[in-house]
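Protein chains in written order, with the working numbering: chain A, 19 to 204; chain B, 19 to 204.
Just so you know, the hints here were simulated from the structure itself, not pulled from any lab data. Ideal Cβ placement from N, Cα and C applies to all residues, glycine included. Hints may contain errors.
Chain A residues, not near chain B, derived (Cβ > 12 Å throughout) [said to hold, decoys possible]:
1) E78
2) V87
3) R131
4) D181
DEER-style ranges, computed between Cβ atoms [to be verified]:
5) B:E59 with A:E59: 18 to 24 Å
6) B:Q132 with A:P68: 39 to 45 Å
7) B:L167 with A:H82: 37 to 43 Å
8) B:L133 with A:A61: 28 to 34 Å
9) A:S92 with B:D170: 32 to 38 Å
Number of protein chains: 2
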Amino acid sequence: MANLYIALVHWPVYNREGETVATSVTPLDLHDLGRIALTYEAAGYYVTVPYESQRRLVEEIIYHWREGVGGEHSPQRQRALAAANVVGTVEEAFDAVAGREGTEPFVVGTTARQLAGAIPAERLGDEAGERPVLLLFGTGYGLTEDILLAADATLQPITGRGDFNHLPVRAAIAIYLDRILGDGKE
Amino acid sequence: MANLYIALVHWPVYNREGETVATSVTPLDLHDLGRIALTYEAAGYYVTVPYESQRRLVEEIIYHWREGVGGEHSPQRQRALAAANVVGTVEEAFDAVAGREGTEPFVVGTTARQLAGAIPAERLGDEAGERPVLLLFGTGYGLTEDILLAADATLQPITGRGDFNHLPVRAAIAIYLDRILGDGKE
Numbered sequence: 019m020a021n022l023y024i025a026l027v028h029w030p031v032y033n034r035e036g037e038t039v040a041t042s043v044t045p046l047d048l049h050d051l052g053r054i055a056l057t058y059e060a061a062g063y064y065v066t067v068p069y070e071s072q073r074r075l076v077e078e079i080i081y082h083w084r085e086g087v088g089g090e091h092s093p094q095r096q097r098a099l100a101a102a103n104v105v106g107t108v109e110e111a112f113d114a115v116a117g118r119e120g121t122e123p124f125v126v127g128t129t130a131r132q133l134a135g136a137i138p139a140e141r142l143g144d145e146a147g148e149r150p151v152l153l154l155f156g157t158g159y160g161l162t163e164d165i166l167l168a169a170d171a172t173l174q175p176i177t178g179r180g181d182f183n184h185l186p187v188r189a190a191i192a193i194y195l196d197r198i199l200g201d202g203k204e
Numbered sequence: 019m020a021n022l023y024i025a026l027v028h029w030p031v032y033n034r035e036g037e038t039v040a041t042s043v044t045p046l047d048l049h050d051l052g053r054i055a056l057t058y059e060a061a062g063y064y065v066t067v068p069y070e071s072q073r074r075l076v077e078e079i080i081y082h083w084r085e086g087v088g089g090e091h092s093p094q095r096q097r098a099l100a101a102a103n104v105v106g107t108v109e110e111a112f113d114a115v116a117g118r119e120g121t122e123p124f125v126v127g128t129t130a131r132q133l134a135g136a137i138p139a140e141r142l143g144d145e146a147g148e149r150p151v152l153l154l155f156g157t158g159y160g161l162t163e164d165i166l167l168a169a170d171a172t173l174q175p176i177t178g179r180g181d182f183n184h185l186p187v188r189a190a191i192a193i194y195l196d197r198i199l200g201d202g203k204e
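Only chain A is shown next, with the shape it has when bound in the complex (with noise of 0.2 Å):
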């Protein structure tokens, strides 16, 4: 498979009432999806934030861990957060990985609700081809519609065994990439 990129977004997403919201960021995921990322030598990372202010915040955190006093203290995590972007939008991301890899990402959604033509996570390095692949992860209750039709593909849920469907989105990332490039998969 080509060059994979996660996005982490917390812009649109849905809440539990099924509105359309901004979630805030979690410091951990940032760490998370760092050493996630890290272990599938995912190619980057970016972290979607509207909010100015909570960029600033991701920013800082990033910062903390890749080039301060943070790094010096636990090179773990300085490595983990070597991939981390931070972006305002979706849009931004796409642009940032089509500039990096000098053509279009395939942008991929995934949902805990099952869709129509979804495709499962093992075939997406088909489906993607020769071209990079932007991976879209929702925060809250997930990616809205608009999101998840404006993408290339969507991968079918993780399901598990019971009606339970709420995985922390930290969770789901560690499954969804161990999936599509678990232990030495090409």
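For this one, chain A is given, so just place chain B on it according to the hints.
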């Protein structure tokens, strides 16, 4: 596979220097672990906490969401914590599972280190046979050698694709459960 139980172990685990320590509880882990366990229909999960004061904290968190006002506010969290139990040691978790199942569980260690004889997660069902499984996860820098040697089996590590070797325990639990029980596996 028979019933699977999870233990999130806070002692004995290694710290960064390889010393055996007790780690502090991360409240977020309780929620994440609950959601992951429920998604894959684990029969129960144990949080092993050696210090009385921390055990009380965990019990209060569980009570708040399971039976207090938190549960009224968020039925999802209430469900996610329904299978949570606090114990002092791995032995207590073992005894609790044995008491509940009427037979001793097959104890399985996990580690990021490469150990001779470790089995692939996908083969755990065959190894355990009819016995219930108690799957141990270490916080901090992982379960000690003593715990791993005393277990009936150890799972092969999640290696991903690169040399980075420090997944958050939340992510490791999600990936292992998906490999063992994912999407309708029996």
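Results of checking the hints against the structure:
1. For E78 (chain A), the requirement that its beta carbon stay farther than 12 Å from each beta carbon of chain B is met, with the minimum near 21 Å.
2. Distance check for V87 (chain A) against chain B: the nearest CB is about 17 Å away, which clears 12 Å, and the non-interface claim stands.
3. Every CB of chain B is more than 12 Å from the CB of R131 (chain A) (nearest about 15 Å), matching its label as outside the interface.
4. With a least CB separation of 9 Å from chain B, D181 (chain A) falls inside the 12 Å interface cut-off, contrary to its annotation.
5. Taken as a hint, the range 18 to 24 Å is violated for the pair E59 (chain B) and E59 (chain A), whose Cβ atoms sit roughly 31 Å apart.
6. A C-beta distance of roughly 43 Å is found between Q132 (chain B) and P68 (chain A), which places it inside the suggested range of 39 to 45 Å.
7. As the Cβ distance of L167 (chain B) to H82 (chain A) is approximately 39 Å, the hint placing it in 37 to 43 Å holds.
8. A beta carbon spacing of about 31 Å between L133 (chain B) and A61 (chain A) agrees with the range 28 to 34 Å that was offered as a hint.
9. Remark: the range hint 32 to 38 Å for S92 (chain A) to D170 (chain B) is upheld by a beta-carbon distance near 34 Å.
Of the hints listed earlier, those the structure fails to meet are numbers 4, 5, in rising order.
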